[in-house]
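Peer 1: Residue-level listing of the chains:
2 protein chains.
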Amino acid sequence: MRTTRFFLSTLKEAPSDAEVISHQLMLRAGMIKRLAAGIYTWMPIGLRVLRKVEKIIREEMNDAGAIELSMPAVQPAELWQESGRWEKYGPELLRCKDRHQRDFVIGPTHEEVITDVVRREVKSYRQLPVHFYQIQIKFRDEIRPRFGIMRGREFLMKDGYSFHSSFDDLQREYRNIFDTYTRIFTRLGLKFRAVAADTGSIGGTGSHEFHVLADSGEDALAYCPDSDFAANVELAEALAPPDGRSAATVDLQRVATPDRIRCEDVAAFLDIPVTRTVKAIAIMLNDAAAGSARLALILLRGDHQLNELKAQKTIGEFRFAREDEIAAVLGSPPGYIGPVGIANIPVFADRSVAVMSDFVCGANAKGFHLVGVNFVRDLDEPTLVDDFRNVVAGDRSPDGRGTLELCRGIEVGHIFQLRSKYAEALKCSFLDESGQGQVMEMGCYGIGVTRVVGAAIEQGHDQRGIILPAAIAPFQVCIVPMAYAKSDTVRAAADALYAELMHAGIDVLLDDRNERPGVMFAEMELVGIPHRVVVSERGLAAGKFEYKGRVDAESQILPMTEICQFLKNRLCAA
Amino acid sequence: MRTTRFFLSTLKEAPSDAEVISHQLMLRAGMIKRLAAGIYTWMPIGLRVLRKVEKIIREEMNDAGAIELSMPAVQPAELWQESGRWEKYGPELLRCKDRHQRDFVIGPTHEEVITDVVRREVKSYRQLPVHFYQIQIKFRDEIRPRFGIMRGREFLMKDGYSFHSSFDDLQREYRNIFDTYTRIFTRLGLKFRAVAADTGSIGGTGSHEFHVLADSGEDALAYCPDSDFAANVELAEALAPPDGRSAATVDLQRVATPDRIRCEDVAAFLDIPVTRTVKAIAIMLNDAAAGSARLALILLRGDHQLNELKAQKTIGEFRFAREDEIAAVLGSPPGYIGPVGIANIPVFADRSVAVMSDFVCGANAKGFHLVGVNFVRDLDEPTLVDDFRNVVAGDRSPDGRGTLELCRGIEVGHIFQLRSKYAEALKCSFLDESGQGQVMEMGCYGIGVTRVVGAAIEQGHDQRGIILPAAIAPFQVCIVPMAYAKSDTVRAAADALYAELMHAGIDVLLDDRNERPGVMFAEMELVGIPHRVVVSERGLAAGKFEYKGRVDAESQILPMTEICQFLKNRLCAA
Numbered sequence: 099m100r101t102t103r104f105f106l107s108t109l110k111e112a113p114s115d116a117e118v119i120s121h122q123l124m125l126r127a128g129m130i131k132r133l134a135a136g137i138y139t140w141m142p143i144g145l146r147v148l149r150k151v152e153k154i155i156r157e158e159m160n161d162a163g164a165i166e167l168s169m170p171a172v173q174p175a176e177l178w179q180e181s182g183r184w185e186k187y188g189p190e191l192l193r194c195k196d197r198h199q200r201d202f203v204i205g206p207t208h209e210e211v212i213t214d215v216v217r218r219e220v221k222s223y224r225q226l227p228v229h230f231y232q233i234q235i236k237f238r239d240e241i242r243p244r245f246g247i248m249r250g251r252e253f254l255m256k257d258g259y260s261f262h263s264s265f266d267d268l269q270r271e272y273r274n275i276f277d278t279y280t281r282i283f284t285r286l287g288l289k290f291r292a293v294a295a296d297t298g299s300i301g302g303t304g305s306h307e308f309h310v311l312a313d314s315g316e317d318a319l320a321y322c323p324d325s326d327f328a329a330n331v332e333l334a335e336a337l338a339p340p341d342g343r344s345a346a347t348v349d350l351q352r353v354a355t356p357d358r359i360r361c362e363d364v365a366a367f368l369d370i371p372v373t374r375t376v377k378a379i380a381i382m383l384n385d386a387a388a389g390s391a392r393l394a395l396i397l398l399r400g401d402h403q404l405n406e407l408k409a410q411k412t413i414g415e416f417r418f419a420r421e422d423e424i425a426a427v428l429g430s431p432p433g434y435i436g437p438v439g440i441a442n443i444p445v446f447a448d449r450s451v452a453v454m455s456d457f458v459c460g461a462n463a464k465g466f467h468l469v470g471v472n473f474v475r476d477l478d479e480p481t482l483v484d485d486f487r488n489v490v491a492g493d494r495s496p497d498g499r500g501t502l503e504l505c506r507g508i509e510v511g512h513i514f515q516l517r518s519k520y521a522e523a524l525k526c527s528f529l530d531e532s533g534q535g536q537v538m539e540m541g542c543y544g545i546g547v548t549r550v551v552g553a554a555i556e557q558g559h560d561q562r563g564i565i566l567p568a569a570i571a572p573f574q575v576c577i578v579p580m581a582y583a584k585s586d587t588v589r590a591a592a593d594a595l596y597a598e599l600m601h602a603g604i605d606v607l608l609d610d611r612n613e614r615p616g617v618m619f620a621e622m623e624l625v626g627i628p629h630r631v632v633v634s635e636r637g638l639a640a641g642k643f644e645y646k647g648r649v650d651a652e653s654q655i656l657p658m659t660e661i662c663q664f665l666k667n668r669l670c671a672a
Numbered sequence: 099m100r101t102t103r104f105f106l107s108t109l110k111e112a113p114s115d116a117e118v119i120s121h122q123l124m125l126r127a128g129m130i131k132r133l134a135a136g137i138y139t140w141m142p143i144g145l146r147v148l149r150k151v152e153k154i155i156r157e158e159m160n161d162a163g164a165i166e167l168s169m170p171a172v173q174p175a176e177l178w179q180e181s182g183r184w185e186k187y188g189p190e191l192l193r194c195k196d197r198h199q200r201d202f203v204i205g206p207t208h209e210e211v212i213t214d215v216v217r218r219e220v221k222s223y224r225q226l227p228v229h230f231y232q233i234q235i236k237f238r239d240e241i242r243p244r245f246g247i248m249r250g251r252e253f254l255m256k257d258g259y260s261f262h263s264s265f266d267d268l269q270r271e272y273r274n275i276f277d278t279y280t281r282i283f284t285r286l287g288l289k290f291r292a293v294a295a296d297t298g299s300i301g302g303t304g305s306h307e308f309h310v311l312a313d314s315g316e317d318a319l320a321y322c323p324d325s326d327f328a329a330n331v332e333l334a335e336a337l338a339p340p341d342g343r344s345a346a347t348v349d350l351q352r353v354a355t356p357d358r359i360r361c362e363d364v365a366a367f368l369d370i371p372v373t374r375t376v377k378a379i380a381i382m383l384n385d386a387a388a389g390s391a392r393l394a395l396i397l398l399r400g401d402h403q404l405n406e407l408k409a410q411k412t413i414g415e416f417r418f419a420r421e422d423e424i425a426a427v428l429g430s431p432p433g434y435i436g437p438v439g440i441a442n443i444p445v446f447a448d449r450s451v452a453v454m455s456d457f458v459c460g461a462n463a464k465g466f467h468l469v470g471v472n473f474v475r476d477l478d479e480p481t482l483v484d485d486f487r488n489v490v491a492g493d494r495s496p497d498g499r500g501t502l503e504l505c506r507g508i509e510v511g512h513i514f515q516l517r518s519k520y521a522e523a524l525k526c527s528f529l530d531e532s533g534q535g536q537v538m539e540m541g542c543y544g545i546g547v548t549r550v551v552g553a554a555i556e557q558g559h560d561q562r563g564i565i566l567p568a569a570i571a572p573f574q575v576c577i578v579p580m581a582y583a584k585s586d587t588v589r590a591a592a593d594a595l596y597a598e599l600m601h602a603g604i605d606v607l608l609d610d611r612n613e614r615p616g617v618m619f620a621e622m623e624l625v626g627i628p629h630r631v632v633v634s635e636r637g638l639a640a641g642k643f644e645y646k647g648r649v650d651a652e653s654q655i656l657p658m659t660e661i662c663q664f665l666k667n668r669l670c671a672a
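Those protein sequences? They're chains A and B, same order as listed. Throughout, the working numbering is defined as the position within the first sequence, counted from one, plus 98. Throughout, the working numbering is defined as the position within the second sequence, counted from one, plus 98.
In short, the hints are calculated from the structure, not lab data. Accuracy of the hints is not assured; some may be wrong.
In this list, chains with the same sequence are indistinguishable; a pair is considered to hold if it fits within one copy or across any two.
Stated by the list, open to error - Below 16 Å or equal to it, Euclidean Cα-Cα: the simulated EDC-like pairs (lysine to aspartate or glutamate) are:
| no. | residue 1 | residue 2 |
| --- | --- | --- |
| 1 | K584 | E316 |
| 2 | K131 | D369 |
| 3 | K525 | E406 |
| 4 | K666 | D161 |
| 5 | K408 | D484 |
| 6 | K408 | D369 |
| 7 | K408 | D341 |
| 8 | K584 | E185 |
| 9 | K221 | E531 |
| 10 | K584 | D610 |
| 11 | K131 | E219 |
| 12 | K131 | E166 |
| 13 | K519 | D277 |
| 14 | K110 | E623 |
| 15 | K666 | D605 |
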């Protein structure tokens, strides 16, 4: 492509309402234009990126044995009433009436439609399994659309649905698509992690999310660099420390810690690591028998955070105790409470606390802590020991194959074992080998295609603009001639190089405008073209081109005859 | 692709509500499935055809210098209010409200959105011309959706919009896209004609329709096989016969023609060609001065049909006369009226009538006609001579390069010179070289992508099913092995041939099912695969495959070593 035949329209400054970097850069690079809240036109340079993402997804889905079809965006309400989601979906579902006053929705997802297709098409176990997918526009009427195309209302999605005669076969396909998604995100050139997900309200059992790693991600993840393990921080298990509890070495002592409430402050005051402190969190358990609530303590190491989900799973429903409830039982304000010297109060200890010795905790007296505290000698063993906290960097990986790191991620893919949720509601069944009717097992698999583009930019950018992997960059290479219009030799060489690279199958942009070099360099960097070749009279006189990679600190001078092979090597290596 | 990895689902009989052949065959071939009235899922085998059509359109549009982008399906009402179409469009426009009660439409077309993009992006003559296009879902809430995807509500369209600094430049691009469309429909392998179109209510001046020729087409077309001329029958000009009027050779005579009213019947009764007869059509002209209507006659050759559009253009507004009005002036029932012996009655003669001599017409008396009628001798020259009729087969082509044929067509493309209609309404202007603000000139160019598929099938089918050009067939070639499952030699040979054809870049389907040959043959023919290779043990023993083209009467036996080249030649020739 030549710039003069293309449409580039960049901005120096991002509009002030663009909150996240991908939104700012996509607007500045002219990739998208806002039409309405959460609704964007994909401009030519943005569409090139989107189409490359689409193509990689399509190729891999086809290779995985999924079969592409295309379902309508406008769907009759009847199917949504049949599945029950007409009522359940809420205002995110855009509804409308046609000229005959019949209800329709603009599809936010296609479980109903595909299940309807399959129940009418597939009658026998011999037609199973089957996996259909599409790459298609969806609409979700987000209450607060934001972050550009990262949380838009109209978006492009790859959604696939598989149907099976048995749960075993669903699991086989689930693994197949797990591997396929791994190949897709690898080919896209993104750093990503697959994490076991809470299936939440979407239904079914068994689910993984695929996250592109980026500091700005909405989700906190824990992963093990030495293995495949990754999980949402909230779901990752914190193992017990490998070494057991040491023996007590010091005496129990009561020390004044005036105005020190937080463990970090107490540790600093006592000049000990915060990992030697224990914090007690007072909660109220429902005592159904007594018809009242009962105080209890959860013990965590000073540097750890409570994970309420885990705690409730072990302890059951609870709420945090009020100051007056704490004072009534422990005679102390919240900042100084601890597990020593209390009776008939359940104590739930995190695994990390259970192995501590010579630790520091509140003394149940305002302004005082206890130091040199030891289980058995100074207080009873905890009522119950379990995992009550979020993992932190450095924790052992639950798979035992290294230590955990923390990062943030942007969810771009999600795979579910839906089982029979929709098949049951829409009566999607088949005849098995013995002629018996059975409800199908179903999986669904989504990739937010538009979102992938935003996530890739959240992961790849610098102060000069967008940095994209060559696989999905709007162009792989740009040729920037110095004085294309004025210099016949430059123009001839640039045109020849352009033809050579095109012939080699490289997706190249020749910037044949009459612009100053600085403007051209800045624009090519802003829009994220990974490789740049400068053609100048001085270089040509020496038989050389100047090459610079988007993330390179320095440019390189290369013989004209070698540049094509050089670029091919670079692109293969990427 | 292997059939066992694909999804084929054909029907023996088409559902009874499918009226046209393309709808019947697309349902039978499993290309589409109805979701709601006028809303269809494109099943895998149909989607393959659709995608091939899309690809050819995209390649040619890119080559023509148009730039692809992608606009949203859901559009804010404000833009439609600005253009005035929010009120004008009527119930075909599907409207909805989002969760904040803001009005939106599901776009039936994108003039407003693209004009909004361009008015915000393009400020200077230096950025013009620019031509943006997209291939995107549209929704038009047809009152009576029918004919499957031929007149559906949700459909796929290629819509392009060009913007120019002058009318000259718009006309240049219009010709460019006219040529591009010609290349597109040629590459699609379709018989088609571009016809000058009435611009109707869409606005602007200068417009052509592209029609795929098919007997079932809704539009009647006239075209010249020896030139590029084509037009809607209603718009094609009927030239005057090349030879002038001959001299009278017989006397005027009044003959009884009892109960013969229609020209054909009179001609048969008199044993003369109907081309020697003249029919008179009585009309009422508005006589504004007299405040009343006045009777007049239009004369047409007996075998010609009145074209009211042409007549009104020449004569002005008129209506057909009632029997009592005719009787009051001419003293005759309508079937026997004529232009002889009347006074003060305007006579408008078609060009073909004006050159006639010795003709037959009504005698203005019930049951009688005149024969041997001649202008000047028996009646005055007509008040006015012009083109008042539809062309018929055999007429001279208006471009003077042959004679016309008639056919029927399905409109699949339409190009318009919109001029400033939308640019004016939406204030889309640019600064010209002198710094003056000017409104842009605009063109728009559409192809009904889904409709192309239906039209191709209307053009190509037989009693066995769909016949598609290789360029858009779901697969180019099918391999049908006899006893794939049972015979190791057949399986090995079929697999090897499959690999060889795939390697040669041929889009091939290997029917590796365990079906009877008759079932496989019938399905491959039904879905429109243009080339078939049969692999059998008997053939292999002789080193041969059996080849049959979809439209061939007989199959051919070909050496195994030659089949690949043979198919490549066939596909190139197509």
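Peer 1: Against this structure, judge whether each hint is valid.
Peer 2: Structure-based check of all given hints:
no.: 1; hint: K584 to E316; result: neither (50 Å within a copy, 56 Å between copies)
no.: 2; hint: K131 to D369; result: neither (56 Å within a copy, 74 Å between copies)
no.: 3; hint: K525 to E406; result: neither (38 Å within a copy, 58 Å between copies)
no.: 4; hint: K666 to D161; result: neither (25 Å within a copy, 25 Å between copies)
no.: 5; hint: K408 to D484; result: within (9 Å within a copy, 92 Å between copies)
no.: 6; hint: K408 to D369; result: neither (32 Å within a copy, 103 Å between copies)
no.: 7; hint: K408 to D341; result: neither (23 Å within a copy, 100 Å between copies)
no.: 8; hint: K584 to E185; result: neither (67 Å within a copy, 53 Å between copies)
no.: 9; hint: K221 to E531; result: within (12 Å within a copy, 68 Å between copies)
no.: 10; hint: K584 to D610; result: within (11 Å within a copy, 62 Å between copies)
no.: 11; hint: K131 to E219; result: between (41 Å within a copy, 10 Å between copies)
no.: 12; hint: K131 to E166; result: between (29 Å within a copy, 14 Å between copies)
no.: 13; hint: K519 to D277; result: neither (24 Å within a copy, 53 Å between copies)
no.: 14; hint: K110 to E623; result: within (13 Å within a copy, 59 Å between copies)
no.: 15; hint: K666 to D605; result: within (11 Å within a copy, 28 Å between copies)
Of the numbered hints stated above, those contradicted by the structure are hints 1, 2, 3, 4, 6, 7, 8, 13, listed in ascending order.
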